[in-house]
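In order, the protein sequence lines correspond to chains Y and S. Using my numbering, read the first sequence as starting at 1 and increasing by one per residue. Using my numbering, read the second sequence as starting at 1 and increasing by one per residue.
Be aware that a few hints might be false.
[Unchecked claim] Label pairs and their in silico Cβ distance ranges:
| no. | chain 1 | residue 1 | chain 2 | residue 2 | range |
| --- | --- | --- | --- | --- | --- |
| 1 | S | Ser-106 | Y | Arg-405 | 52 to 58 Å |
| 2 | S | Ile-69 | Y | Leu-85 | 49 to 55 Å |
| 3 | Y | Asp-56 | S | Ile-395 | 44 to 50 Å |
| 4 | Y | Met-108 | S | Val-284 | 55 to 61 Å |
| 5 | S | Gln-435 | Y | Met-108 | 23 to 29 Å |
| 6 | S | Glu-357 | Y | Ser-60 | 35 to 41 Å |
FYI, nobody ran anything at the bench for these hints, they're computed from the structure. Note that beta-carbon positions come from the ideal geometry of N, C-alpha and C, so glycine has one too.
Below, each chain spelled out in residue letters.
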Amino acid sequence: MTWTPLYLLECQLRAVGQLRVSLHRKMCNRQAQVRWRSAGRPAPLLTARPTRALVDEPISIEAHHLPSHTPITVRANLTSEDGDLWEALSHYYTDAKGAVNLMRDPSMGGSYVGCEPMGLFWALQPVPGSREGLRLRKRDVETPYAVHLSLLEGHVNPEDTRGKGSEEGQELAKTVVDRWYMAPGVRRIEVRQNGVVGSMFLPPGPGPFPAVLDLWGMGGGLVEYRSALLASHGMASLALAYFGHKDIPGPLNRINVGDSYFRAAFQLLQKHPQVCEERIGVMGLSFGVYLSLWIASQLSVKPRCVVGINGPLGSFNTFSSEDGQQESFEENQRHWSYDEQGYVSFREVSLPSNIPSENYAKVEDMCCPLLYIVGKDDLSCASLENADEIEKRLHAAGKSHLFTRLSYPGAGHLIEPPYAPNARVSLWTTRPAKLFPPEHIRT
Amino acid sequence: MNVSADVSLRRSASSMAVCPVLSVQPTRALVDEKFQIVVRNLHPKQEVTVHSLHHSEDKDYWEAFGHYISDENGTVTVMEDASRGGTYTGTEPMGLLWSLRPIPGSRHGLRMRKKNVLSPMVVNISVYKGHMNQGFSEEAALATVVTERWYLAPGVQRVDIREQGVKGTLFIPPGPGLFPAVLDMWGGGGGLVEYRAALLASHGFVALALQYLTPNKERTLDIETGYFEMAYHILQSLPQVSSDRVAVLGLSFGASVTLTLAAYSKTAKPRCCVCISGSHVHPVNKTLFEFFQLMNQSLAKSRIDENNHVIWRDVILPIPTEPDLKVDVGKIKCPLLVVIAQDDQSWATVESTEDMEQIMERSGNRHLLTVLSYPDAGHLIEPPYTPHIRFSNFINQHNREKVIMLWGGQTKPHADAQEDAWEKILLFLQKHLYQDIPPEAKL
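The whole structure should be built from the sequences, with the hints applied where relevant.
See the structure below:
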C-alpha cells in the first residue's frame, strides 16, 4: 500500500467516520470507474461452466455485458470446513465487446499473472488476518466445496476487500460453482477389517476394477480425497491409515503397524469381488513413498506399478518388520533444520546420505514400473536426492526400464490433485509449531 | 431393476480381464450442457453398445442406446464416431439423451418432465458388449458411469410466490443484480411447471414460472388478462429486477397469452417476447373460462389418427378473419421471437405465423418479428436434449377428458430444433435484456 497524501487524509477522515473507503479507492484509482447502479441498468453476467465439476476438471469462466476496455477483478471465495475464508483474485481488462474469458485473457495482477484458466482455484490463499499455517484439505469427500466467484469493479487487492466497508471494489455479479472429489455413483466404504483401517472408494458399475492402495505421509490420520478422485476415474482405491489414527491401537505418535498390516491392506483390495486382483498399484506421497517401495520389494504381494511423490527410499528410524513399534518420529530431531522465520524443514532427515543403507527399501528387488514425481523445490523431503539414489540402484540391478521420473521446477512437497491451492507452510501436529513443506504458488 | 451385474459370475469367468474405462465429462452438468463420452481399453474393432438409463420421478424407466465399433486403439469417442444403430444413428454427442424412450413394457403415452428442480435428473451411462437392442437389464454392463443433469445451477434461489392471487415459482440467480427477468408460461396442460424458469435463472435471468390453469377442481373463471398483468407487475417490482428489462416467454397456450399482453396491455410492457409453438388465434377480451367454452365447440374439428391419438391441428383452421377472434399483432411494439415446428399436430402454428406476418406487414411492425421454423419438429419444443415426445397423455383442462394427444415431429429433427431454438432464445433474450443499452445510460 502506497502512503500517498490522499491515503493519509483518508485515514484521518475515517477516524471521524465520515469518508467512505470506496471514495478513497476511486480517488486513487486512475482508471475509469463505471457506475452500475444507475437507472435500473442490469448487472453484467458472470458464468462458469461446468457449474458442478470434479476438482480436476477445468472450468470456463467468462464475463459479459461490461463496457469495453474496462478494468475488472474476478474473485474466488471458499469457506473451508474449519470456517476459514480462502480467496484468490485476478485483474483483467474487458475486450472490445465488453467480455472477459479466463481461457483466453491474461491476468494483469492479483493472485497470479498471465493466462491461467484455473488460477482462481490453485491460487486460493487464506485471507489476510487468517490463522497461520492453514492447509486446505477436505475431510468430508461426499460433499462439494462451494466456490463463490464474483466480478468486482476495478482492480482490487485482497487487503482492500477485508473489513474496510463493503464498497471496496463493488461486486457487480456473482456465480457459484461446486467442486467435487467424488463423481456421482462412487461409493465410499469405511474399512475396519482384519485390523486394517481405511476408506475404500469404488466406482459405479460392476467392475472388476483396477485398484490403488493410497498412502499419505507422516501427517497421519486418514486422507481420503485422492482416493475419492481416483475412484471417480474408474479405479477402486483404498485410502489407508497407518499412523496417528484413533482406530489403530498404540500410541498416536508412533507407527504401530508393520509388514503384516500393509500386506493385509493389499490383500483386502485383492480379495474384493469388484477388484481385479492382478491390477493393483500402490501410490504414496512423502513417507508413503518409502512404504510403497517397501511393499513393492519386500512383502510377498505383487503390485502392478508404484507411483511415488516426493518421498524417501529409506526411513531414518528403523522400521521394524512385523509389528511396527519404531521410535517416535520427532524424537530423532537432529536432522531437523529451521529457517529464519522459525519454520522447520524435514529435508535433511530424508537425505539418503543421512539414512543408514540397511534402512533402505530394497528397490533393486522391485519387479514393477515406478513413476517417481519430484518437486524440485521440496523443502520437506530430499526428493531429488532420493530419486537419484533409487534410479542408481535400479540401474545397478539392470532395471532402469522400470524407472520414470517427472520433475517439476519450483514445485514443493505437497503435489496434490490439480487446481488445489498450495500451502507453502502449514501446521504440523508435533513440535515445533510450523513445517515448511512446499514452494511457489503455480506449480 | 437389476442394474449391477452378477459379479461373482463375471469374476470367475475371466480373472485376467479388467473392465474398460468409460468416462463422461462432466459427470454433473446443466441440462443444456453437452457431455463427452469416451470408452477406452476395449479390443480393437470391438462391437459395443453405449446405453443410457433414467429412472424418472414417475418411476418409469427410459433408455437410449447407440451401436459403435471401437477404433484400432480400442477406443470409442461418442462425439466423433458414428452410431450404426440403436435409438439414434450417426455422430450424435447427445443422442443418448434426446433419443431416450420408455423401455419396452412401459405404460403408454408417457412424457418426461422434471417436477423437483432441486434435485438432478440421474442418468446411468453404460457400455455393453456387442450390438444389443434389448435385454439390457439382464445383461452385465462392461462399465457404468452415473451422471447428473441439473435444471438449477448452484446458488440459484427458488422462492414460492403466492401473492395478490398470483401463483408461481420464482428463481433468482446469485449475485447483487439487478437482473433482467422473464415471465415464463406453459400451455393448456396446466399446473406449475418450473424447469424452464429454473434453467433461465441459471443463465442469469430472474424467472417467474406462472401457474394459471389448475388441473383440479378449481374453475378458471377468474383468470383473465388482469391475472397475467399482476404477475408481470410482481416480477417487475422485485428489488433484484431491472424493471424495464422484463420479457414474456410462453409455449402453446402460453404463447397466446404472451401475444395478448404484448398487444393490448396498458400496464405490462415487455422489452421483448418469445412465443413457442403458439398462435395469435385467440379470442380477445374473453376470460380463460370463456375461451375454453369456445374451444369445446371447435373441438368438433379435432381428428383421431390410426393410433387413436387426438389431433387438434385443425381446430383453429381456417385462420379466422374476424378481428375479435385473433390477437392484433400489429399493435405489438417490442421485438418478438416466434418459434414454430412444421410438423406441429397440436396447433396450426405454421398457418398462424403466416397470418401474423401478413398482419405485421400491413401494420408496419414486421421488422420486430423473427421466425424460427423447424422442419419435422413437433409441438413440444422443450429445453435441449429433452426426449422427443411425439404423443402423450393429456387432460383437457375444461372437460377433464383424458386423451392421447399427438404433438408431432420426428425424433432427430425435433432434437436438433430444441437445441438450436434454445440457443437462439437465449441469444435473443441476452441481446434485448442485457445488451442494447440506450445511449444515455453509457458514461
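Can you name, in rising order, the numbers of the hints this structure does not satisfy?
The structure conflicts with no hint, since it agrees with every one listed earlier.
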